[in-house]
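Sequences and hints are given; from them, build the entire structure.
Top to bottom, those sequences are chains A and B.
Here this note's numbering is used: the first residue of the first sequence is 1, the next is one more, and so on.
Here this note's numbering is used: the first residue of the second sequence is 421, the next is one more, and so on.
Treat the hints with care, since some could be wrong.
Unchecked claim - Short derived list, chain A residues pointing at chain B, Cβ under 10 Å:
1. F61
2. F143
3. V305
4. S357
Stated by the list, open to error - Non-contacting residues of chain A with respect to chain B, defined by C-beta distances greater than 12 Å in every case (computed):
5. H30
6. K116
7. G148
8. G162
9. A184
10. L191
11. R196
12. S284
13. I302
14. V339
15. V346
16. V386
17. R399
To be verified - Computed Cβ-Cβ distance ranges for the label pairs, DEER-style:
18. A9(A) - L535(B): 50 to 56 Å
19. W500(B) - V12(A): 42 to 48 Å
20. L702(B) - A9(A): 53 to 59 Å
21. L720(B) - D85(A): 32 to 38 Å
22. S287(A) - L720(B): 37 to 43 Å
23. L698(B) - G86(A): 22 to 28 Å
24. S287(A) - A538(B): 28 to 34 Å
25. L492(B) - D377(A): 28 to 34 Å
26. N556(B) - H141(A): 35 to 41 Å
27. L685(B) - L97(A): 37 to 43 Å
28. G32(A) - L492(B): 46 to 52 Å
Calculated from the structure, these hints are not laboratory results.
Every residue gets a Cβ at the ideal spot worked out from N, C-alpha and C, and that includes glycine.
The lines below spell out each chain.
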Amino acid sequence: MSTRWLWIAAIVLVAVAIPWCFYDVAHHRHSGFMISMLSQMGLMVILALSYNMLLGQAGLFSLCHATFFGIGGYAMVHFLNAAGDGSLPLPMEVMPLLAGLSGLGLAIVFGYMATKQRATAFAMITLGISELMATAALMFHHFFGGEGGVTTNRMIDQSLFGLNYASGIQVYYLILAWTLLATAGMYYLTLTPLGRMANATRDNFERAQFMGYDPRVVRFLQFSLSGLFAGIGGGLYAITYEIVTFDALASPLSANALLMAYIGGTTVFGGPVLGAVLITLLQSGVSLLSNSWLVYVGVLFIAMVIFAPAGLSGMIRAHEPIRQAGRLKRLTVPYLRLVIPGLALVLGFVGLVELMSFLTIGAAQGKRLVLFGHAIDVHAALPWTVSIGALLIGGTWLRFEAAHFHRVWESLTADRREQA
Amino acid sequence: MEIFIISLLNGLVYGMLLFMLASWLTLIFSMMGVLNFAHASIYMVGAYLAFTVSRFVGFFPALIVAPILCGLIGAAIEVWGLRRVHHNGHIAELLFTFGLVFIVQRLVQMTWGMLPMAYRVPPLLDFPLFNLYGANFPAYRGFMLLISAGMLFFTWLLLKKTRIGLIIQAALTHPAMVSALGHNVPMVFTTVFAGGCLLAGLAGVIGGNYQTTEPGMADAMGPIVFVVVVFGGLGSLAGCFIASIIMGMIQTFAVVIDYSVADLLRPLGLAISGDTLLTELLTVPVARIGALLPFAMMVLILLFRPRGLMGTRDT
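This is the structure we're talking about:
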């Protein structure tokens, strides 16, 4: 228990300190790229965690999560504009809660319909809801502003601490505070009877029914509360960017929430945090370098679905029994043996994807593939041969190494399974 | 009147196209419990493949080759993908097909580029079939109707009149018993999944030049097809058929109706003016919110009939 608190304290400390590591002393200002990336991370952490209230904790595969994030954003813009007019005398620090309540309100309406069903039907209904709201956002100008979206000004001069939120760093700390608050709230919810019943209906809804709980009510409550937290995230989004367009509630963002939660791992509470941080890093880093970063995320996602359904955090947690037995060292060599074929496989795959994408999309944009200062001719046979070769050799080799790794893993955990 | 008849025919064409996609989606769902999110992606792949194949050998061979390729892709997805995740439950299968949507989308963009393809109606079918009050009805739409009606007949024949259909029907409800009787149920699943992809490909071949062949076509078609399946009731072919036709009609008729709720209220002496959210909702013409109607219809039917039009079971 105490080590857990240490971990949490360390993470919070890093989150507080990290903007100052990139402080530009010469110009006395923060790195704008870092601040905006960190802020984005905070928003995505809230989105992914609140999504996991559905996918991980209640077993509900929702495709309309961005709807509540977006509605929180739109509502926040209108709240901020009202505050700017002087008609809403509330401090900035509590306004995200209002956005959250907007998310809650909409989630109650849509949740009433969607949670009548579960599993596949639920997924399809939420898909319909997502499309309904996204199309509505483009059509109704009064609330959503159509394609241009709605804009606001966050400097409303109403603050508990006398802040004006002119600079990015102040907004970042506001986001951080709300992220921590929302995370604590969502963690607390997992400990409540509702959280436990959500797990129960996920695992065996018939049995939960026999125990006298209505799974539909449990789903409905969980869905609504997750809408509340998503709305808070959306409100912070509106504060950060001061503009909310239909991107904030369209389906790509819902898909993003799913990818972050799943890749991070849905079985551990902190998993989506890991996923959100990782995907945001990838998004900010790789998307600058490559047109096709979505392919990589998609392939990573499918590979996780097939090989590691517990996600990254689940993979890490699987090492726990081995660590307790003091045998972690015996995994070092098998892990190292995975590295070379794994790298070959990844490089071969990345090479192929990039070659293909430069052949079509890149050519249309007039870009050229440059590697280590050398322009690479995407029509020549050599790069293709090298990539395919690396992919095939790496793949075949990795199969052998993976089998070896599996044997070692089994031998390390065998006696533990016998005990169980 | 001529607008009415032309819209009726167009709605029928679009509805039948929807049914080609939705029917096997619902069939695959009721059999395997898997909702193939990538179904519309296969539709897109079908259109692109047909474009490429038809450049070399012409449209009519492409009409056969492209769907078969799509069927093979479907079989590969089932054997190497879905079977592996099957033991992790239905959510894992859903997630798997959902991930496929991303990959197929990007692969298509990488192979054929971001721009729309010049996939045109074959010259042989590029003439007006008949003339109605001065408006032409293209022969190609008649051809689409023919193909989709033929597909409907084929599906009915397969399910009701053949031995394979009998086994498929049995495997829908009692997979364990069918397996115990010595039938290869996984093989049946693969066949049905591949068959669904084949027909999605066929829909892509005839839909690709009816609409436009571009990387966004799967995203445009996918949600509507899912709405059709939910609206008709999961697992019900008859409901799916009715829902497809209704959605097709709604989509085409909405475009030509330039009235709003406010216009309906005007004869009652209620004039609506002002600039609030409510007046905007009331004064927006139906033509402008056409794209919204299928989803609004889905929400409405869920309020009153949670299982859809003719759905018989929960999931």
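Verification of the supplied hints:
For F61(A), the suggested interface contact is upheld, since its CB lies about 5 Å from the closest CB of chain B, less than 10 Å. At a threshold of 10 Å, the smallest CB-CB gap from F143(A) to chain B is about 5 Å, leaving the interface hint in force. At its closest, the beta carbon of V305(A) sits 5 Å from a beta carbon of chain B; the interface hint therefore holds under the 10 Å criterion. Satisfaction of the interface hint for S357(A) is found here, the shortest Cβ-Cβ separation to chain B being roughly 5 Å, below the 10 Å cut-off.
Against the 12 Å criterion, H30(A) stays outside the reach of chain B, whose nearest CB is about 34 Å from its own CB. With a least CB separation of 4 Å from chain B, K116(A) falls inside the 12 Å interface cut-off, contrary to its annotation. For G148(A), the non-interface assignment is confirmed: its Cβ lies about 16 Å from the closest Cβ of chain B, beyond the 12 Å cut-off. Interface exclusion of G162(A) from chain B stands, the closest Cβ pair being 35 Å apart, more than 12 Å.
Every CB of chain B lies more than 12 Å from the CB of A184(A), the least distance being 27 Å, so the non-interface label holds. The Cβ of L191(A) sits about 24 Å from the closest Cβ of chain B, beyond the 12 Å cut-off, so the non-interface label holds. Separation of R196(A) from chain B is adequate, the least Cβ-Cβ distance of about 20 Å exceeding the 12 Å criterion. Here S284(A) stays apart from chain B, with its beta-carbon at least about 19 Å from theirs, past the 12 Å limit.
Under the 12 Å C-beta cut-off, the non-interface status given to I302(A) relative to chain B is violated; the minimum distance is some 4 Å. The claim that V339(A) is not at the interface with chain B holds, since no C-beta of that chain comes within 12 Å of its own (minimum 25 Å). Distance to chain B confirms V346(A) as a non-interface residue, since its nearest Cβ pair spans about 16 Å, more than 12 Å. In this structure V386(A) is separated from chain B by more than 12 Å, as the shortest Cβ-Cβ distance comes to about 18 Å.
The non-interface label for R399(A) is consistent with chain B: the shortest C-beta to C-beta separation is roughly 14 Å, beyond 12 Å. For the pair A9(A) and L535(B), the beta carbons lie near 53 Å from each other, so the given range of 50 to 56 Å is met. Distance hint for W500(B) and V12(A): a CB-CB separation of about 44 Å, consistent with the stated range 42 to 48 Å. For L702(B) and A9(A), the Cβ-Cβ distance of about 55 Å falls inside the hinted range of 53 to 59 Å, so the restraint holds.
L720(B) and D85(A) have their C-beta atoms about 37 Å apart, which keeps the hinted 32 to 38 Å range intact. Against the hinted window of 37 to 43 Å, the Cβ-Cβ separation of S287(A) and L720(B) comes to about 39 Å, which satisfies the hint. For the pair L698(B) and G86(A), the supplied restraint of 22 to 28 Å holds, since their beta-carbon distance comes to about 25 Å. Separation of S287(A) from A538(B) is about 30 Å and conforms to the stated range, judged on CB atoms against 28 to 34 Å.
In this structure the hint that L492(B) and D377(A) lie 28 to 34 Å apart at CB holds, the actual value being about 32 Å. A beta carbon spacing of about 36 Å between N556(B) and H141(A) agrees with the range 35 to 41 Å that was offered as a hint. For the pair L685(B) and L97(A), the supplied restraint of 37 to 43 Å holds, since their beta-carbon distance comes to about 38 Å. Separation of G32(A) from L492(B) is about 50 Å and conforms to the stated range, judged on CB atoms against 46 to 52 Å.
Of the hints listed earlier, those the structure fails to meet are numbers 6 and 13, in rising order.
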